[in-house]
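Visitor: Let chain A serve as the given structure and place chain B on it in line with the hints.
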Amino acid sequence: MTAIAPTAEKPAPAGPARTPTAIRRTGDWARRAPLLPALVFLIVVTQLPFVATLVISFMDWNSLYPDQRGFAGVGNYVDVFTDAALRDSVVTTIILTVAVVLISVLLGLGVALLLNRSFRGRGMVRTLMIAPFLVVPVAAALLWKHALFNPEYGLLNGVLTWIFGSDAPQPDWITEAPLAAVVASLVWQWTPFMMLILLAGLQSQPLDALEAAKVDGATAWQTFTHLTLPHMRRYLELGALLGSIYIVQNFDAVFTLTSGGLGTANLPYTIYTTFYQAHDYGRASAAGVVVVAGTIAIATFALRVVSSLFREEEGRA
Amino acid sequence: MSTATVAAPRKAKPTRPGVSRGKGAPLLGLLAWIVGITFFLPVAWMVLTAFHSEQDAATNPPSIAADLTLQGFREFFGATSGASPWPPLINSAMASLVSTLIVLVLSIPAAYALSIRPVRKWTDVLFFFLSTKMLPAVAGLLPIYLIAQQAGMLDNVWTLVILYTSMNLPIAVWMMRSFLAEVPVEILEAAAIDGAGLFTVLRRVIVPVAMPGIAATALICFIFSWNEMLFARVLTGVVAQTAPVFLTSFVTSQGLFLAKVCAAATVISLPVLAAGFAAQDKLVQGLSLGAVK
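Chains A and B, in that order, give the protein sequences.
Per the numbering used here, the very first residue in the first sequence carries number 1; after that it's consecutive.
Per the numbering used here, the very first residue in the second sequence carries number 1; after that it's consecutive.
Just chain A, with the same shape it has in the complex (with noise of 0.2 Å):
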């Protein structure tokens, strides 16, 4: 914290002759003016919603009987929990986020591994490994499905083709398996991005303690598992953390590869089914309430690893 610490206990410059409490209470709102613009647009623009939603969850509202709207008390709730799409939709968020987060990052870490090492080409294959992070999520969902996935003239059915000719299995991918053909093409996005930030992990490992192990004998399983997995853990925590964060409210490639068919109808996908085709919107509302009640639960535990890695930071410094 050498950069904060020292301005922070640092009175405001203010002007001459002040008492000490008039300092502090304009130095206050000095400090806190940079700050309201981004806050204020934050609250109005991301928690104002979250209050209608819970008023709407309490409403019998649907736009296709709008003479019916009125009070339903905690019917949708009701609704919400004992309607099995729903349920199913959230075992189906947790094994899709579970799933692309875990393989993902140990493909990562893998991949990583590999490129902590010096070889002939080896920024060639980091942009090239890069690249699938960088396709717009929608156009890889697209490419998935149609170019590689599909049974006529997919790319993986015609390597098939290639390796066992005219009589290859052609399987129908996304219909045998729906729910690992979305986990396939998701790990495929996000293992450059765990790639990324584990190899800047690995780069900043102190070499004088690896050069250390050497002397000692100690083998490159050892190194690995008592230096390297150690100082990793940081990084592989942020990975995952971050990775959750946005795999959690996937809709692109729930709706493109499967239209949210075959089980693979995750919540957001639910959700915007519920609002957008079947226009309950007190139900759709009192989903949302109940996703962001579970969100909180997981984010809650979540931040405490942020923060604890935070505080270990600002420890040592």
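To be clear, the hints were calculated from the coordinates, so they are not data collected in a lab.
Glycine is no exception: its CB is placed at the ideal position from the N, C-alpha and C atoms.
Treat the hints with care, as some may be off.
What the hints assert, rightly or not - Stretch-level coverage of chain B by chain A, calculated; a stretch enters the list once three of its residues show a Cβ under 8 Å from a Cβ in chain A:
#1 40 to 53
#2 73 to 81
#3 99 to 113
#4 204 to 218
Guide: Coordinates of chain B only, in the frame set by chain A:
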């Protein structure tokens, strides 16, 4: 040590020798190449298919060496359908660039108040910013739709500008805070002694020094806005349609469409690919909220 959240000691970066050079080294280098090419393959396939005719794009086994043609791109630019891609591309550019600009204008002073002259309980404020990012956007979708409807702001690109600003603001505040925390105290003290006001300090001292960080922030905000589809899909129609929504319109239930979808996907991804490749190092900083240098 800097204030960055998870930062590790920074080193003289450019070339760092590989850590280990054991016996399997050439093989592992080869493996790295294979993995890299495997990940890149779908992108290469997308670009190649974009240059094929619809017939050649839909063969099994794939026709790799088929004649190249610009037909897919002509279709994307409306050769048959007459639908020009320019309005959606311009809408996307507008929404992404303007929202990124507003994000910077809002987040730099906010980051100043969270790092250089921090308010009391600044960590709490910082975590409040991040926590808004954890609330699923979809839960606010309905009221935002209804408010936009009441205000006559449906199918209006400015609605997206506002939403993308709020979507990226928390990330930008986190990133900018870690960059501003690195501005040397001496410079700031010198400016304070010279009697420079907040605005002058921001404009003349902080912005120039933190320029690389600002660029990283802008890059990430641009990418996330350009990519966004859920809000764009629900809140826009004909006039304010963005490029990702336009892209989905190329999938038709009849006839071959693979080449033109690939051409469209290539063109629409191009700005992000170009920006990302050009600023690879910034990408890491940006993605980790400025925590990893």
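Visitor: All hints are to be evaluated individually against the structure, with a verdict given for each.
Guide: Hint-by-hint comparison with the structure:
1. 40 to 53: Contact hint for the segment 40 to 53 of chain B vs chain A: holds, 6 residues under 8 Å.
2. 73 to 81: violated (count 0)
3. 99 to 113: holds (count 6)
4. 204 to 218: violated (count 0)
Consistency with the previously given hints fails for numbers 2, 4, ordered from lowest to highest.
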